[in-house]
Amino acid sequence: MEIFDLLVISLRQLAKNKLRSGLTVLGVVIGIAAVTTMVSIGQATGDLVRTQFQSLGANVLIVFPGRVQKAGVSEGKRASLTAADAAAVASDCPSVRAASPLVGTQGQVIGGNVNWKPNELLGVGPDYLAVRNWPMASGAFLSERDVLGATKNCVIGHTIAQKLFPGADPMGQQIRIRNIPFTITGVLAKKGANMVGQDQDDIILMPWTTVRKRLQGSNFANVDVILVSARSEDSSAKAEQEMSLLLNERHKISPGERSDFHVENTAEIAKVLNVITSTMTAMLSAIAAISLVVGGVGIMNIMLVSVTERTREIGLRMALGARPRDILWQFLVEAVVLSCVGGAIGIAMGISASYAITAGLNAMLPDAHWPFVVSVPAAIIALVFAGCVGVFFGFYPARRASRLDPIEALRYD
Amino acid sequence: MALIELRDLAKTYDLGEVQVHALRGVTLDIREGEFVALIGPSGSGKSTLMNLLGCLDRPTRGSYVLAGEEVAGLSRDQLAQVRSRRIGFVFQNFNLLARTSALENVETPLLYSKAFGRSDRRARAAELLDRVGLGDRHDHHPNQLSGGQQQRVAIARALVNKPAILLCDEPTGNLDTRTSREVMNFFRSLNADGLTVILVTHDLEVARRADRALVLIDGGVVADTTDFDQAAEMLHRRVLDGDDA
Ligand SMILES: Nc1ncnc2c1ncn2[C@@H]1O[C@H](COP(=O)(O)OP(=O)(O)OP(=O)(O)O)[C@@H](O)[C@H]1O
Ligand SMILES: [Mg+2]
Chain A
3 MEIFDLLVIS LRQLAKNKLR SGLTVLGVVI GIAAVTTMVS IGQATGDLVR TQFQSLGANV
63 LIVFPGRVQK AGVSEGKRAS LTAADAAAVA SDCPSVRAAS PLVGTQGQVI GGNVNWKPNE
123 LLGVGPDYLA VRNWPMASGA FLSERDVLGA TKNCVIGHTI AQKLFPGADP MGQQIRIRNI
183 PFTITGVLAK KGANMVGQDQ DDIILMPWTT VRKRLQGSNF ANVDVILVSA RSEDSSAKAE
243 QEMSLLLNER HKISPGERSD FHVENTAEIA KVLNVITSTM TAMLSAIAAI SLVVGGVGIM
303 NIMLVSVTER TREIGLRMAL GARPRDILWQ FLVEAVVLSC VGGAIGIAMG ISASYAITAG
363 LNAMLPDAHW PFVVSVPAAI IALVFAGCVG VFFGFYPARR ASRLDPIEAL RYD
Chain B
180 MALIELRDLA KTYDLGEVQV HALRGVTLDI REGEFVALIG PSGSGKSTLM NLLGCLDRPT
240 RGSYVLAGEE VAGLSRDQLA QVRSRRIGFV FQNFNLLART SALENVETPL LYSKAFGRSD
300 RRARAAELLD RVGLGDRHDH HPNQLSGGQQ QRVAIARALV NKPAILLCDE PTGNLDTRTS
360 REVMNFFRSL NADGLTVILV THDLEVARRA DRALVLIDGG VVADTTDFDQ AAEMLHRRVL
420 DGDDA
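If you read the sequences in order, they're chains A and B.
Position one of the first sequence corresponds to residue 3 (my numbering), numbered consecutively onward.
Position one of the second sequence corresponds to residue 180 (my numbering), numbered consecutively onward.
Each hint can be trusted.
Once the Cα atoms are required to be at most 20 Å apart in a straight line, the calculated SDA-like pairs of lysine to any residue come out as:
| id | chain 1 | residue 1 | chain 2 | residue 2 |
| --- | --- | --- | --- | --- |
| 1 | B | 341 | B | 261 |
| 2 | B | 293 | A | 6 |
| 3 | A | 18 | B | 280 |
| 4 | A | 18 | B | 323 |
| 5 | B | 293 | A | 8 |
| 6 | B | 341 | A | 3 |
| 7 | A | 20 | B | 280 |
| 8 | B | 293 | A | 328 |
| 9 | A | 215 | A | 128 |
| 10 | A | 18 | B | 320 |
| 11 | A | 18 | B | 277 |
| 12 | A | 20 | B | 279 |
| 13 | B | 293 | A | 4 |
| 14 | A | 18 | B | 279 |
| 15 | A | 154 | A | 140 |
| 16 | A | 18 | B | 274 |
| 17 | A | 18 | B | 322 |
| 18 | A | 20 | B | 278 |
| 19 | A | 18 | B | 317 |
| 20 | B | 293 | A | 5 |
Which bits of chain A does chain B cover? Going by a derived footprint, with three or more residues having C-beta under 8 Å, they are:
| id | segment |
| --- | --- |
| 21 | 3-9 |
| 22 | 310-318 |
Some chain B residues well away from chain A (every beta-carbon gap over 12 Å; in silico):
| id | residue |
| --- | --- |
| 23 | 197 |
| 24 | 251 |
| 25 | 306 |
| 26 | 316 |
| 27 | 319 |
| 28 | 360 |
| 29 | 369 |
| 30 | 382 |
| 31 | 403 |
| 32 | 405 |
| 33 | 407 |
| 34 | 419 |
Hints were generated in silico from the structure; no laboratory data involved.
Ideal Cβ positions, reconstructed from N, Cα and C, are used throughout, including at glycine.
Construct the complete structure from the given sequences, taking the supplied hints into account.
Shown next as structure tokens:
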């Protein structure tokens with residue numbers, strides 16, 4: 003018998019008993035839907051984590067000032083890091099590609115006729131964009147001269163440009179930051195939102211010296227953090243070591259003594275997060291796969307019932323010339339068709355479910371742009387797996403059918 | 180050479196404690212184109228013999244040569260092929276596939292033979308349905324057909340593979356007199372076209388439409404004759420003997 007005929011026969015047979023067929027495949031549907039959803043959401047989470055860390059910059063390490071403890075009492079952050087430290091790290095650590103000091107502040111901005119409070123108002127060094135892997139949309143970034151002179155030049159993010167100067171070119175425009183007039187010398191390229199939905203383009207960058215001297219009126223040369231990028235993902239651990247060594251030396255910390263800073267390696271965090279998401283995905287998928295096995299047992303059960311119910315039909319088909327293997331194929335194909343149909347429905351449901359979940363997440367975090375990932379290989383694997391479940395659990399009933407004696411089967415009642 | 184040559188063909192059902200000798204060594208020949216009626220009391224082994232002739236079952240002993248080929252020792256696959264190529268069955272209870280159209284019922288045997296390609300199968304099945312007078316009932320399901328019509332679908336199905344032998348186990352058992360006469364007429368016309376027909380029946384009137392009678396009693400052929408009155412008498416006497424015993 004040809005496979006086409008077998009398919010037609012089995013589809014007709016299943017169509018004769020739609021409700022039963024539907025209930026039979028329910029287990030497989032749920033199993034495949036669960037696996038598909040898990041893989042889809044898991045991959046989306048992984049993708050999101052990856053893009054987030056990429057948007058943070060290339061292999062970024064962050065140096066924080068350490069806490070100072072006196073007699074075991076924490077006394078808050080010490081002003082231990084300086085712009086000179088940043089410069090030294092950039093020039094003396096071979097694994098470091100670029101470094102920039104960073105000083106954060108807040109304040110009201112007035113530009114055009116708009117009053118606006120940016121998300122981030124940062125004082126940075128000239129290499130900040132290199133560290134963050136962030137291109138300019140127009141104009142030029144702050145230079146060493148801007149830093150040295152604490153100029154009142156600033157570079158704005160995409161959102162600021164749109165809010166303050168809708169439809170106009172912000173280049174060269176004046177804005178007032180905390181009532182001090184600044185000139186816009188550049189606009190950053192659009193970066194989008196981060197994982198928690200915060201708009202990264204709602205940002206104004208100026209020389210860190212300007213923040214200290216003009217906005218804060220202070221003469222301290224310390225900075226909040228130093229942002230560093232390693233030359234490659236592999237060299238980030240080495241960069242961490244080199245920096246620790248250098249900064250300990252610069253801060254005159256003797257070996258064994260507690261450092262007054264600490265380094266956060268985002269590449270390591272990304273790795274850990276990746277491992278966590280993929281492990282979670284694998285575990286949840288494995289649990290979902292168990293329901294597939296349960297679904298397979300359901301198919302086997304119904305196929306066994308079906309073989310018994312159709313014993314006379316089997317005898318008749320044999321009388322009409324069917325060989326045992328024709329009968330075997332008929333029931334096996336029926337089981338496989340059943341499970342594959344269940345698998346296809348499950349994939350459709352899984353994709354719908356992941357779409358709904360993604361939409362839900364995006365509704366809760368409007369700017370996160372959680373990606374909707376449909377993994378075609380995962381869908382194909384799921385379908386093949388469903389087919390295998392059909393073969394595995396359909397084989398026994400089918401073999402039983404094929405081994406029936408024609409006469410006894412014909413006489414069966 | 181006869182189409183069917185049986186030599187000491189026997190079938191014993193082993194039920195553990197008892198052994199049922201359903202057939203006790205039957206020897207006979209049936210030539211191509213014959214129309215044979217198999218008669219005998221209930222339990223005499225008629226169906227057993229038909230199943231052996233139809234290659235549905237294997238004999239315990241003896242030889243069965245069908246069209247020059249010994250089939251007694253064939254495997255299940257080989258027997259299936261013999262059934263597919265040479266034999267058409269008509270059953271007392273029609274045995275149609277439920278919830279399946281007449282056309283598809285007739286088409287079923289073609290799925291198991293390579294005689295017709297997929298495109299020709301429909302046409303062949305339709306041709307046979309037309310021949311049994313059901314040209315307007317192709318799409319009807321068995322439960323939408325009368326008993327006589329169902330049996331005609333079953334006959335069309337039996338003929339669709341161009342068998343050499345038509346085996347009918349009480350084909351008129353579930354039909355009224357008029358319909359069974361129609362069915363017998365149809366068998367006669369098929370036989371006139373050269374088909375070998377063997378049928379089992381309880382009804383002597385039906386048996387008389389055949390050319391040759393085989394009287395089977397207690398698993399043995401007690402009469403092989405063209406004289407139906409003699410056959411009827413044999414049968415009657417044995418039944419009476421049975422009552423005496
Ligand atoms: N599968 C079986 N197992 C055991 N005994 C069987 C089996 N099939 C038939 N027999 C026995 O073999 C004998 C012949 O049975 P068979 O069915 O051939 O009779 P029959 O002539 O067709 O009778 P009827 O006219 O009632 O159909 C009977 O005694 C029956 O009980
Ligand atoms: Mg019988």
